[in-house]
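*Asks:* Sequence:
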Amino acid sequence: MTAINESYHSLEQDSVFFSPRQRKILRKNMSLQSCLDETIQLLHIPNNIKIKSNKSDLRVLADPIQLQIVCNNILINAIQDIGTKQGEIEFRFSENSEDIIIEIENSGPDIPQGLLPHIFESLVTSK
Numbered sequence: 001m002t003a004i005n006e007s008y009h010s011l012e013q014d015s016v017f018f019s020p021r022q023r024k025i026l027r028k029n030m031s032l033q034s035c036l037d038e039t040i041q042l043l044h045i046p047n048n049i050k051i052k053s054n055k056s057d058l059r060v061l062a063d064p065i066q067l068q069i070v071c072n073n074i075l076i077n078a079i080q081d082i083g084t085k086q087g088e089i090e091f092r093f094s095e096n097s098e099d100i101i102i103e104i105e106n107s108g109p110d111i112p113q114g115l116l117p118h119i120f121e122s123l124v125t126s127k
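Per my numbering, numbering through the sequence shown is continuous, rising by one, with the last residue being 127.
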């Protein structure tokens, strides 16, 4: 049943991006940390995994639904990569003069070197 719920949830999320009648993008000034915290509350985080963050209150102008989907997908991928062993997922938010930087690290296996140039392409996976 969990797999069915995850599949449905994934399809529902993907429809936001791939629907022929895409919804209008709504940009709001929002906290990255608040988005991460809300996403963590919605997900079942296994007891073997700890989530850390530098608790920065950097704000971005973003669509709340799309940002939540991104956080959700990143967390789910990291949880799946860590599996049943003890693990950690760490988020670091920072900024420089031009950009806001989001660094994500987990204790799961590394992304294969050949896949690195393509990780932000649509539908690319290491699974």
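Hints listed in this document are in silico derivations from the structure and should not be mistaken for laboratory results. Every value quoted in this text rests on a predicted model; they were computed, and no experiment measured them. Every residue, glycine too, gets a C-beta built ideally from N, C-alpha and C. Check each hint, because a few of them may be wrong.
What the hints assert, rightly or not - Derived pair list, reagent style BS3-like, types lysine-lysine, alpha-carbon separation capped at 30 Å:
1) K85 x K24
2) K127 x K50
3) K85 x K50
4) K28 x K55
Unchecked claim - Quick list of the computed label-pair ranges, beta carbon to beta carbon:
5) P64 x E90: 36 to 42 Å
6) S126 x E103: 28 to 34 Å
7) Q41 x N96: 28 to 34 Å
8) S34 x P109: 27 to 33 Å
9) V124 x D99: 32 to 38 Å
10) K24 x H44: 30 to 36 Å
11) K24 x N47: 38 to 44 Å
12) K85 x N29: 18 to 24 Å
*Asks:* Evaluate each hint against the coordinates.
*Replies:* Consistency of the hints with the structure:
no., hint, in the structure
1, K85 x K24, "violated (41 Å)"
2, K127 x K50, "holds (23 Å)"
3, K85 x K50, "holds (11 Å)"
4, K28 x K55, "holds (20 Å)"
5, P64 x E90: 36 to 42 Å, "violated (23 Å)"
6, S126 x E103: 28 to 34 Å, "violated (19 Å)"
7, Q41 x N96: 28 to 34 Å, "holds (30 Å)"
8, S34 x P109: 27 to 33 Å, "holds (30 Å)"
9, V124 x D99: 32 to 38 Å, "violated (23 Å)"
10, K24 x H44: 30 to 36 Å, "holds (31 Å)"
11, K24 x N47: 38 to 44 Å, "holds (40 Å)"
12, K85 x N29: 18 to 24 Å, "violated (39 Å)"
In summary, the structure is inconsistent with hints 1, 5, 6, 9, 12 from the numbered list given earlier, while agreeing with the others.
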